Amino acid sequence: DQQVKQNSPSLSVQEGRISILNCDYTNSMFDYFLWYKKYPAEGPTFLISISSIKDKNEDGRFTVFLNKSAKHLSLHIVPSQPGDSAVYFCAASLYGSNYKLTFGKGTLLTVNP
Amino acid sequence: DSGVTQTPKHLITATGQRVTLRCSPRSGDLSVYWYQQSLDQGLQFLIQYYNGEERAKGNILERFSAQQFPDLHSELNLSSLELGDSALYFCASSLAGGTNEQFFGPGTRLTVL
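One line per chain: the protein sequences are A and B, in this order. Counting from 1, one number per residue, gives the positions in the first sequence under the numbering used here. Counting from 114, one number per residue, gives the positions in the second sequence under the numbering used here.
The following block holds chain A by itself, in its conformation from the complex (with noise of 0.2 Å):
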């Protein structure tokens, strides 16, 4: 039972313009909410994160969006650059579970020149 899904396993963007990447989970009681990138060949590299109190969090070109609601979140990158290139994990995590992160199966985000 996959309790976090990134549903589009690649996006192509164009230089310049918005990569959104989204994620859907399905327990409620996840409260904390990360992103993460992954170069070939190295380890994921945490980028940004929310809380389940908050809606959004910027951190320079890097915005997480997150409805509770509708159980979704999702990162918005902008403006794309080609080094941005990477696969992209989001993670959940739930009080209490010692920080243990459940992934998705990662976005390969293209941003073409």
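Just so you know, not all the hints are guaranteed correct.
Claimed, not checked - Cβ-to-Cβ under 10 Å is the rule here; a few derived chain B residues that face chain A:
{"hint": "1", "residue": "V117"}
{"hint": "2", "residue": "F216"}
{"hint": "3", "residue": "P219"}
Unchecked claim - Only pairs whose alpha carbons sit at most 25 Å apart, straight line, appear in this in silico SDA-like list of lysine to any residue:
{"hint": "4", "chain 1": "A", "residue 1": "K5", "chain 2": "B", "residue 2": "L152"}
{"hint": "5", "chain 1": "B", "residue 1": "K170", "chain 2": "A", "residue 2": "Q3"}
{"hint": "6", "chain 1": "B", "residue 1": "K170", "chain 2": "B", "residue 2": "R135"}
{"hint": "7", "chain 1": "A", "residue 1": "K5", "chain 2": "A", "residue 2": "I18"}
{"hint": "8", "chain 1": "B", "residue 1": "K170", "chain 2": "A", "residue 2": "F46"}
{"hint": "9", "chain 1": "B", "residue 1": "K122", "chain 2": "A", "residue 2": "Q3"}
{"hint": "10", "chain 1": "A", "residue 1": "K5", "chain 2": "A", "residue 2": "H76"}
Read the hints as simulated data drawn from the structure, not as lab findings. Please read these numbers as outputs of a predicted model, since none were measured by experiment. Using N, Cα and C, we set each Cβ at its ideal position, and we do this for glycine too.
Go by the hints and put chain B onto chain A.
Leaving out everything else, chain B in the frame of chain A:
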């Protein structure tokens, strides 16, 4: 560079064998997590240690075991290996106080032939 190191980088072995993967967390981190990434799968949480004690268990097979040593490095032992155990194994660490942001090592790619 996340500060988390994993050795070896690559491991090729045969079915039925036993291997040990090693992880050194970031300086100051007391928690270590192990994840498995199989083909077409997201990262699956295996097990977490905090200051030498097991804290949480995920989808870890009985053939697999882990421990965290007094110097805080951790080892993941995989025995009676099967073809399906071929995967990327990531170690992550987090701050002692407890935080959702985990920092990942570069991973160990295990190939079972």
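To see whether the hints hold, each was checked on the structure:
1. Evaluation of the B/V117 hint against chain A yields a held restraint, the C-beta minimum of about 7 Å falling below 10 Å.
2. The beta carbon of B/F216 comes within 7 Å of a beta carbon in chain A, closer than 10 Å, and the hint placing it at the interface holds.
3. Contact between B/P219 and chain A, as hinted, is supported at the beta carbon level, the nearest pair being about 5 Å apart and thus within 10 Å.
4. Only pairs whose Cα atoms come within 25 Å are accepted, and A/K5 paired with B/L152 is accepted, the gap being roughly 16 Å.
5. Annotation: proposed proximity of B/K170 to A/Q3 holds, straight-line Cα distance about 17 Å (limit 25 Å).
6. Proximity of B/K170 to B/R135 is assessed by CA-CA distance (about 18 Å); at most 25 Å being required, the pair is judged to hold.
7. Simply put, A/K5 and A/I18 have alpha-carbon atoms about 21 Å apart, close enough for the 25 Å limit, and the pair holds.
8. In summary, the hint linking B/K170 to A/F46 is supported, as the alpha carbons are separated by about 22 Å, within the 25 Å threshold.
9. A distance of roughly 30 Å separates the Cα atoms of B/K122 and A/Q3; the hinted pair therefore is violated under the 25 Å criterion.
10. Distance restraint check for A/K5 and A/H76: the Cα-Cα separation of roughly 17 Å lies within the 25 Å cut-off, and the hinted pair is therefore satisfied.
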